[in-house]
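Novice: Each chain is listed here by its residues.
There are 2 protein chains.
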Amino acid sequence: MTLQQMEYIVAVDKYRHFVKAAESCHVTQSTLSVMIQKLEDELDVQIFNRNSHPVSPTPIGEKIISQAKVVLFNVSQLKEMILSERQQESGEVKLGVIPTVAPYILPKLFGVIAERYPGVTLRVTETRSASILEKLDKAELDVGLLATPVGRPGLLEIPVYYEKFVAYISPGESLYNREEIESGRMPTERLWVLQEGHCLRNQVMNICDQRSGYSSIYEAGSIDTLVKIVDENGGYTIIPELHLAMLTEAQKAHVRKIVDPAPVREVSLMIRQDYVRERMLNILAESIRRILPEAMIDKRLKKFAISL
Amino acid sequence: MTLQQMEYIVAVDKYRHFVKAAESCHVTQSTLSVMIQKLEDELDVQIFNRNSHPVSPTPIGEKIISQAKVVLFNVSQLKEMILSERQQESGEVKLGVIPTVAPYILPKLFGVIAERYPGVTLRVTETRSASILEKLDKAELDVGLLATPVGRPGLLEIPVYYEKFVAYISPGESLYNREEIESGRMPTERLWVLQEGHCLRNQVMNICDQRSGYSSIYEAGSIDTLVKIVDENGGYTIIPELHLAMLTEAQKAHVRKIVDPAPVREVSLMIRQDYVRERMLNILAESIRRILPEAMIDKRLKKFAISL
DNA sequence: TCATGGTTATTGATTTTATCAATACAAATA
DNA sequence: TATTTGTATTGATAAAATCAATAACCATGA
Numbered sequence: 001m002t003l004q005q006m007e008y009i010v011a012v013d014k015y016r017h018f019v020k021a022a023e024s025c026h027v028t029q030s031t032l033s034v035m036i037q038k039l040e041d042e043l044d045v046q047i048f049n050r051n052s053h054p055v056s057p058t059p060i061g062e063k064i065i066s067q068a069k070v071v072l073f074n075v076s077q078l079k080e081m082i083l084s085e086r087q088q089e090s091g092e093v094k095l096g097v098i099p100t101v102a103p104y105i106l107p108k109l110f111g112v113i114a115e116r117y118p119g120v121t122l123r124v125t126e127t128r129s130a131s132i133l134e135k136l137d138k139a140e141l142d143v144g145l146l147a148t149p150v151g152r153p154g155l156l157e158i159p160v161y162y163e164k165f166v167a168y169i170s171p172g173e174s175l176y177n178r179e180e181i182e183s184g185r186m187p188t189e190r191l192w193v194l195q196e197g198h199c200l201r202n203q204v205m206n207i208c209d210q211r212s213g214y215s216s217i218y219e220a221g222s223i224d225t226l227v228k229i230v231d232e233n234g235g236y237t238i239i240p241e242l243h244l245a246m247l248t249e250a251q252k253a254h255v256r257k258i259v260d261p262a263p264v265r266e267v268s269l270m271i272r273q274d275y276v277r278e279r280m281l282n283i284l285a286e287s288i289r290r291i292l293p294e295a296m297i298d299k300r301l302k303k304f305a306i307s308l
Numbered sequence: 001m002t003l004q005q006m007e008y009i010v011a012v013d014k015y016r017h018f019v020k021a022a023e024s025c026h027v028t029q030s031t032l033s034v035m036i037q038k039l040e041d042e043l044d045v046q047i048f049n050r051n052s053h054p055v056s057p058t059p060i061g062e063k064i065i066s067q068a069k070v071v072l073f074n075v076s077q078l079k080e081m082i083l084s085e086r087q088q089e090s091g092e093v094k095l096g097v098i099p100t101v102a103p104y105i106l107p108k109l110f111g112v113i114a115e116r117y118p119g120v121t122l123r124v125t126e127t128r129s130a131s132i133l134e135k136l137d138k139a140e141l142d143v144g145l146l147a148t149p150v151g152r153p154g155l156l157e158i159p160v161y162y163e164k165f166v167a168y169i170s171p172g173e174s175l176y177n178r179e180e181i182e183s184g185r186m187p188t189e190r191l192w193v194l195q196e197g198h199c200l201r202n203q204v205m206n207i208c209d210q211r212s213g214y215s216s217i218y219e220a221g222s223i224d225t226l227v228k229i230v231d232e233n234g235g236y237t238i239i240p241e242l243h244l245a246m247l248t249e250a251q252k253a254h255v256r257k258i259v260d261p262a263p264v265r266e267v268s269l270m271i272r273q274d275y276v277r278e279r280m281l282n283i284l285a286e287s288i289r290r291i292l293p294e295a296m297i298d299k300r301l302k303k304f305a306i307s308l
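The listed protein sequences correspond, in order, to chains A and B. One point on numbering: in this note's numbering, the residue at position 130 of the first sequence is 130, and numbering is uninterrupted. One point on numbering: in this note's numbering, the residue at position 273 of the second sequence is 273, and numbering is uninterrupted.
It should be emphasised that the hints constitute simulated quantities derived from the structure, not laboratory data. Where a beta carbon is used, it is the ideal one built from N, C-alpha and C, also for glycine. Zero decoy hints are in this set.
Not everything, but these chain B residues come out facing chain A in the computed CB check (under 7 Å):
1) LEU43
2) VAL45
3) ASN49
4) PRO59
5) VAL70
6) ASN74
7) ILE82
Sequences and hints are given; from them, build the entire structure.
Specialist: Written as structure tokens, this is what we have:
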């Protein structure tokens with residue numbers, strides 16, 4: 001029993017005439033005759049009555065034809081579904097990602113997208129929050145991936161994951177001896193932070209003890225550099241959870257959990273309010289989440305999230 | 001796109017392994033590989049990701065597989081439907097038919113049944129009502145076809161059609177000059193009727209004017225004979241509508257409508273109350289009705305029906 | 001880095017199937 | 001009885017599915 005045979009019996013039922021039905025199927029009448037007989041043999045039922053003029057389906061043939069139509073309908077649905085999916089799952093997306101997220105997400109994201117959505121082309125710009133927001137405004141970017149909430153008029157935020165912060169401490173520091181560090185007990189005197197303009201800098205400022213004045217005068221350009229500075233010069237810094245994977249075993253020993261409360265940043269996809277490719281957004285969100293550990297997607301972390 | 005290919009992708013999705021899936025489909029792994037690639041080429045989508053281990057469907061592949069399952073389910077439904085229909089539409093039926101119905105129904109009934117329900121074998125006995133009822137009681141017959149209502153305990157009646165009576169009058173009779181004859185104006189003096197035992201005899205008695213005494217002393221064994229008797233000896237008789245088709249053109253001129261009210265007999269299928277093959281009954285009823293003019297199936301005639 | 005085992009892809013030969021053109025056959029019509 | 005209209009049959013051919021063998025790929029542990 002084949003789809004082709006089903007098309008043939010549906011055609012003969014429609015035209016009540018083998019020759020006309022054969023034409024409509026773009027085959028000869030003999031093909032139709034043979035194939036329908038074959039089907040009748042296989043199912044061991046007579047579908048058509050060739051004695052009556054014009055040819056007509058038997059009672060059971062009518063039921064077979066009607067079910068065959070259901071089958072063919074679902075096949076056509078399948079094909080249409082593919083067309084519509086492909087349409088929605090293809091095209092170029094201009095994505096802006098902030099530097100303190102990019103190194104943890106992008107390398108795998110390209111692979112996942114290429115593998116799962118071969119029709120999608122990512123065109124990524126790594127740049128700081130302010131620049132991403134501006135470019136979204138000007139529609140120079142389709143989507144941004146950055147720390148939120150931002151609350152910018154005309155733009156929408158779609159939270160994707162929540163990332164905890166940890167402290168990276170030089171063995172010389174007094175904090176080093178604690179197993180965990182309470183958020184309120186982090187002096188800013190020996191703190192290294194990113195350059196002005198990185199949103200992570202502001203977040204770090206929020207975490208640390210505001211009573212003490214800032215005295216660390218060196219500002220780094222990337223988390224990697226920050227860590228190296230601490231290694232060389234002592235002091236401490238605050239780094240996002242995902243950076244742990246990039247530390248050596250020796251460096252991991254310098255990491256301390258921050259608690260009470262554990263600071264968390266919310267990372268979201270951002271789009272213009274008039275962005276219409278909802279499906280593309282889902283693809284991005286799904287693909288990013290696929291890269292991350294389950295726990296980081298948990299919305300319950302949101303309550304600890306800090307803003308700029 | 002073939003059903004076979006759909007089975008293949010469903011199997012690969014199930015086993016996540018080409019070799020195992022191939023086994024389950026009773027083909028080699030190379031066949032599966034080639035066929036699935038062919039399907040992917042035709043649809044121009046990647047259904048599976050062969051890089052991941054174990055092999056896994058792409059997002060669109062998942063949708064395709066799930067729709068393919070729907071199609072395959074439809075096909076299996078079709079096959080099961082055929083099995084169940086064939087079961088219900090086959091077997092032998094012992095049918096009893098009264099003599100004043102048999103000649104009009106049976107010749108075509110055999111043809112219709114053979115053509116539309118090749119699995120059904122009719123075994124027909126032509127005999128009078130009382131004998132049919134008896135044999136139904138003793139389960140020597142499965143179904144009876146006779147004039148109703150009978151109202152016999154343990155038996156069910158399923159009305160199939162309604163047949164008018166007409167008068168067949170010798171040109172010598174005074175009634176012959178009327179275009180139509182009122183039921184009440186039919187004297188029994190010159191009336192020929194069937195032998196005792198034919199239910200039609202009783203029905204005719206009911207139609208005719210009861211005030212006059214019966215004087216016709218000859219009783220015929222069949223409608224055909226009755227008509228010939230009238231042709232040869234004068235007088236008149238009453239015959240069922242379906243007999244008209246058996247008259248010559250000359251004889252048809254001797255036919256007069258009976259009106260006010262037009263007498264009608266109800267013809268029904270009868271079965272034992274415990275008869276279980278409901279489907280077979282429908283087949284018989286449908287096939288009989290297929291033989292008759294539309295008008296005779298009209299239930300509105302029931303109100304004119306006469307009983308024994 | 002190199003084998004190794006497990007997995008899928010490729011290939012050429014072979015079998016099976018679908019299709020066609022031509023023609024036979026059957027039924028209805030004139 | 002011829003004729004027309006329609007379906008079945010048949011033998012040849014083209015297309016396809018399948019197989020066995022083997023290549024290519026890839027993760028993983030030595």
